[in-house]
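Sequences and hints are given; from them, build the entire structure.
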Amino acid sequence: MGSSLKEERIGYSCTIYSVEYLEKAWLEIPLKAWTYGLDGALLKATRITGIKDFSINEFGLIPLRIATWGPFVLLNINNDVSPQHEADSKIVGKEWLGSSSDILSNGGIDTSLSYVCRREYTIECNWKVFCDNYLDGGYHVPYAHKGLASGLKLESYSTTTFERVSIQSCEGGPGESEDDFDRLGTKALYAFIYPNFMINRYGPWMDTNLVLPLGPRTCKVVFDYFLEASLKDDKAFIERSLEDSERVQMEDILLCEGVQRGLESPAYCSGRYAPTVEMAMHHFHCLLHENLTK
3 MGSSLKEERI
13 GYSCTIYSVE
23 YLEKAWLEIP
33 LKAWTYGLDG
43 ALLKATRITG
53 IKDFSINEFG
63 LIPLRIATWG
73 PFVLLNINND
83 VSPQHEADSK
93 IVGKEWLGSS
103 SDILSNGGID
113 TSLSYVCRRE
123 YTIECNWKVF
133 CDNYLDGGYH
143 VPYAHKGLAS
153 GLKLESYSTT
163 TFERVSIQSC
173 EGGPGESEDD
183 FDRLGTKALY
193 AFIYPNFMIN
203 RYGPWMDTNL
213 VLPLGPRTCK
223 VVFDYFLEAS
233 LKDDKAFIER
243 SLEDSERVQM
253 EDILLCEGVQ
263 RGLESPAYCS
273 GRYAPTVEMA
283 MHHFHCLLHE
293 NLTK
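Count along the sequence shown from 1, add 2, and you get the number used in this note's numbering.
Calculated from the structure, these hints are not laboratory results.
Keep in mind it's a predicted model, so treat the numbers as computed, not measured.
Mixed in with the good hints there might be a few duds.
Claimed, not checked - Simulated crosslink set (BS3-like; lysine-lysine; CA at most 25 Å straight-line):
{"no.": "1", "residue 1": "Lys237", "residue 2": "Lys189"}
{"no.": "2", "residue 1": "Lys148", "residue 2": "Lys189"}
{"no.": "3", "residue 1": "Lys237", "residue 2": "Lys130"}
{"no.": "4", "residue 1": "Lys34", "residue 2": "Lys46"}
{"no.": "5", "residue 1": "Lys189", "residue 2": "Lys234"}
{"no.": "6", "residue 1": "Lys130", "residue 2": "Lys34"}
{"no.": "7", "residue 1": "Lys189", "residue 2": "Lys155"}
{"no.": "8", "residue 1": "Lys54", "residue 2": "Lys34"}
{"no.": "9", "residue 1": "Lys237", "residue 2": "Lys96"}
Unchecked claim - Now the in silico label distances, taken between C-beta atoms and shown as ranges:
{"no.": "10", "residue 1": "Phe74", "residue 2": "Ile53", "range": "37 to 45 Å"}
{"no.": "11", "residue 1": "Pro144", "residue 2": "Ala27", "range": "54 to 62 Å"}
{"no.": "12", "residue 1": "Glu173", "residue 2": "Leu77", "range": "30 to 38 Å"}
{"no.": "13", "residue 1": "Pro277", "residue 2": "Glu60", "range": "55 to 63 Å"}
{"no.": "14", "residue 1": "Pro215", "residue 2": "Asn78", "range": "17 to 25 Å"}
{"no.": "15", "residue 1": "Glu30", "residue 2": "Gly273", "range": "30 to 38 Å"}
{"no.": "16", "residue 1": "Phe74", "residue 2": "Glu30", "range": "28 to 36 Å"}
{"no.": "17", "residue 1": "Lys96", "residue 2": "Ala146", "range": "31 to 39 Å"}
{"no.": "18", "residue 1": "Pro268", "residue 2": "Ile53", "range": "52 to 60 Å"}
{"no.": "19", "residue 1": "Pro144", "residue 2": "Glu248", "range": "36 to 44 Å"}
{"no.": "20", "residue 1": "Ser272", "residue 2": "Thr113", "range": "39 to 47 Å"}
{"no.": "21", "residue 1": "Pro268", "residue 2": "Leu294", "range": "19 to 27 Å"}
Beta carbons: idealized from backbone N, C-alpha and C, even for Gly.
Spelled out as structure tokens, the structure:
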């Protein structure tokens with residue numbers, strides 16, 4: 003069984019914890035040794051002698067609404083939403099991805115992919131700077147990512163915005179490789195799900211990026227890599243692909259940290275959008291502005 007997320011409330015405190023392997027018929031919270039059944043019911047509460055009007059039935063684990071779409075498991079922790087055992091994937095897709103869900107589901111984002119690895123990067127920039135860099139419509143690619151650019155037909159780059167999603171896509175090019183190595187394939191798709199999640203599908207690969215703010219000028223980006231099952235045992239291909247991806251990430255980190263320093267300069271003032279390429283960035287900013295001004 004994979005990791006699961008539970009929450010314990012004891013009136014004045016709570017703890018969030020992960021369970022890698024849940025093999026027992028009960029669950030003990032490490033913080034205060036409260037014990038729960040696998041149905042979430044509180045079985046034993048320690049050191050509560052003297053608490054008045056305490057009902058064990060009122061302190062079970064809070065049920066969460068869980069749904070799946072493609073390879074993703076989605077949680078809704080809104081207490082006002084009633085838990086449900088199953089949800090139709092099309093309904094889930096429309097709720098999460100809006101009218102972009104069919105495009106993404108037809109773009110090879112599915113459960114057939116094998117998980118490869120995770121990499122995490124702590125970057126000295128605000129989380130929005132990283133998102134902006136991702137959303138510039140390939141503007142910086144020919145200048146900052148020459149290796150990546152050689153494997154793409156940048157003249158085919160396109161951007162489409164939806165309710166809370168933007169999709170950038172580009173056809174693959176011949177690349178510079180003299181052998182049969184092809185990480186990018188015939189088409190690359192880059193989807194941004196507001197506010198901080200990216201899905202990238204290219205060639206036999208898919209990677210996801212989760213951007214987590216750590217402070218006003220620091221963020222962490224979590225990359226998870228997935229691969230078509232036919233290549234999951236090809237160690238040489240995987241290693242070379244991850245090396246290429248790492249090179250691109252290092253180039254992006256250099257850019258983002260430079261932009262952060264520029265934003266902090268007293269000489270900085272706001273700029274303009276490049277209308278033919280930065281549509282996704284503008285879309286992100288509009289959604290963010292709407293949230294911040296509610």
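Proposed proximity, Lys189 with Lys148 (alpha carbon, max 25 Å): holds (17 Å)
Holds or violated: the 30 to 38 Å window for the beta-carbon distance between Glu30 and Gly273? At roughly 55 Å between Cβ atoms, Gly273 and Glu30 fall outside 30 to 38 Å, so the hint is violated.
Consistency of beta-carbon spacing, Ala27 to Pro144, with hint 54 to 62 Å: Since the Cβ atoms of Pro144 and Ala27 sit about 58 Å apart, the hinted range of 54 to 62 Å holds.
Does the beta carbon distance between Pro268 and Leu294 stay inside 19 to 27 Å, or does it fall outside? holds (24 Å)
Holds or violated: Lys130 to Lys34, with C-alpha atoms at most 25 Å apart: violated (38 Å)
So does Pro277 sit 55 to 63 Å from Glu60, Cβ to Cβ? Cβ of Pro277 to Cβ of Glu60: about 57 Å, so the range 55 to 63 Å holds.
Is the hinted pair Lys237 and Lys130 satisfied, with a Cα-Cα distance of at most 25 Å? Since the Cα atoms of Lys237 and Lys130 sit roughly 35 Å apart, the hinted pair is violated (cutoff 25 Å).
With respect to the beta-carbon atoms only, verify the hint that Ser272 and Thr113 lie 39 to 47 Å apart. holds (43 Å)
Agreement of Lys237 and Lys189 with the hint, judged by alpha carbon distance not exceeding 25 Å: Distance of about 23 Å is within 25 Å: holds.
Do the beta carbons of Lys96 and Ala146 sit within 31 to 39 Å of each other? holds (36 Å)
Cβ-Cβ distance between Pro144 and Glu248: within 36 to 44 Å? 20 Å Cβ-Cβ, so the 36 to 44 Å window is violated.
Regarding the pair Lys189 and Lys234, is the alpha-carbon distance no greater than 25 Å? Roughly 20 Å separates the two Cα atoms, so the pair holds.
In summary, the structure is inconsistent with hints 3, 6, 9, 15 and 19 from the numbered list given earlier, while agreeing with the others.
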